[in-house]
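First to last, the sequence lines map onto chains A and B. For the first sequence, the residue numbers in my numbering are 14 to 186. For the second sequence, the residue numbers in my numbering are 14 to 186.
Keep in mind the hints are simulated off the structure, nothing from the lab. The structure presented is a predicted model; accordingly, all values stated were derived computationally and were not measured. Don't take each hint at face value.
One copy or any two copies: either way a pair holds, since identical chains are not told apart in the list.
[Claimed, not checked] In silico lysine-lysine, DSS-like type, Cα no more than 27 Å apart, as pairs: (1) 105 / 33; (2) 176 / 105; (3) 137 / 178; (4) 176 / 85; (5) 178 / 151; (6) 67 / 176.
There are 2 protein chains.
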Amino acid sequence: MNQVIEAILNRRSVRSFTEKRISREELELITTAGKYGPSAVNRQGFQQTVIQNKELIAALAAAIPQYFESIKGEYSFYGADTLILLSDEADKPSGCQDCSCAAENIFLAAHSLGIGSVWINQFKNTCDKPDIRPLLTKAGVPENHTVWMGAALGYPAETPAPKEKTTQVKWCL
Amino acid sequence: MNQVIEAILNRRSVRSFTEKRISREELELITTAGKYGPSAVNRQGFQQTVIQNKELIAALAAAIPQYFESIKGEYSFYGADTLILLSDEADKPSGCQDCSCAAENIFLAAHSLGIGSVWINQFKNTCDKPDIRPLLTKAGVPENHTVWMGAALGYPAETPAPKEKTTQVKWCL
């Protein structure tokens with residue numbers, strides 16, 4: 014098995030991080046990987062917003078739980094060092110697909126550098142809420158963008174066990 | 014730069030293929046990579062349908078153009094040897110995201126094996142059309158699934174030039 018497939022199969026969602034800072038150089042590599050996802054009709058309309066500002070991450074984390082019954086108590090994006098938000102103009106039909114592929118590239122590139130990551134799904138339905146949008150604007154997310162997802166990144170403080178993959182494959186040969 | 018990031022940066026959409034068959038072993042690796050994408054709340058509800066049956070690929074290709082003014086003349090999924098369709102239950106909120114990440118894994122795994130691929134975007138809006146759905150059913154796609162996208166795969170008969178990547182990265186450090 015080659016290193017690419019090995020990385021795909023060994024990547025896990027990491028939900029516990031050390032305090033070690035991710036370097037600018039590493040984030041440049043990771044966001045470059047994000048840029049190289051496929052994009053419908055090569056439109057390349059999406060944006061990656063890299064947030065390492067602790068106050069802003071804390072403010073976003075504090076604003077999120079009110080919209081989710083499933084989040085009990087304090088929230089901190091699992092203590093991640095960095096958030097990368099993936100956004101695109103709200104009315105673009107392939108925004109979700111383009112941002113998702115970019116996110117997967119981010120997860121894989123981070124994993125290849127020994128950096129853990131996890132999908133943050135709370136922005137898609139809250140990015141236009143009055144407690145959230147001003148923080149996104151402060152971070153640099155364009156006003157007319159939907160934030161399709163975020164990636165929380167940091168050096169792993171856990172080694173998640175493999176999960177059985179049960180998705181179906183049907184063969185028509 | 015490590016091999017994972019190198020693969021992400023060097024993958025291109027390939028739209029011209031040789032007639033060389035992709036082996037079952039290679040398709041097992043590629044679909045395993047597809048399985049290992051992240052899945053919202055680890056639901057893993059999506060399906061990969063691998064179609065190598067030439068008659069069925071030809072029938073799908075013949076049924077598609079009527080729905081797209083942009084497709085002039087004959088259509089053949091660029092002469093691809095294999096189609097992998099990514100589908101999920103139509104009403105699942107993260108079907109698009111989960112299938113997109115699986116698709117990116119498929120593209121990267123294929124690339125790492127020397128196999129070319131390209132996103133096929135024509136199924137999302139046509140999968141329930143009367144000329145398309147029976148063919149999907151024949152292939153094994155569940156009736157209640159939306160086909161979010163397809164991947165057309167084959168050995169490359171072209172080496173696409175690099176494209177400039179212009180998507181924005183904003184930094185909030």
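Going down the list of hints, with the structure as the test:
no.	hint	in the structure
1	105 / 33	neither (37 Å within a copy, 37 Å between copies)
2	176 / 105	between (34 Å within a copy, 21 Å between copies)
3	137 / 178	both (26 Å within a copy, 25 Å between copies)
4	176 / 85	within (25 Å within a copy, 45 Å between copies)
5	178 / 151	between (39 Å within a copy, 25 Å between copies)
6	67 / 176	neither (32 Å within a copy, 35 Å between copies)
When held up to the earlier numbered hints, the structure conflicts with 1 and 6 and fits the remainder.
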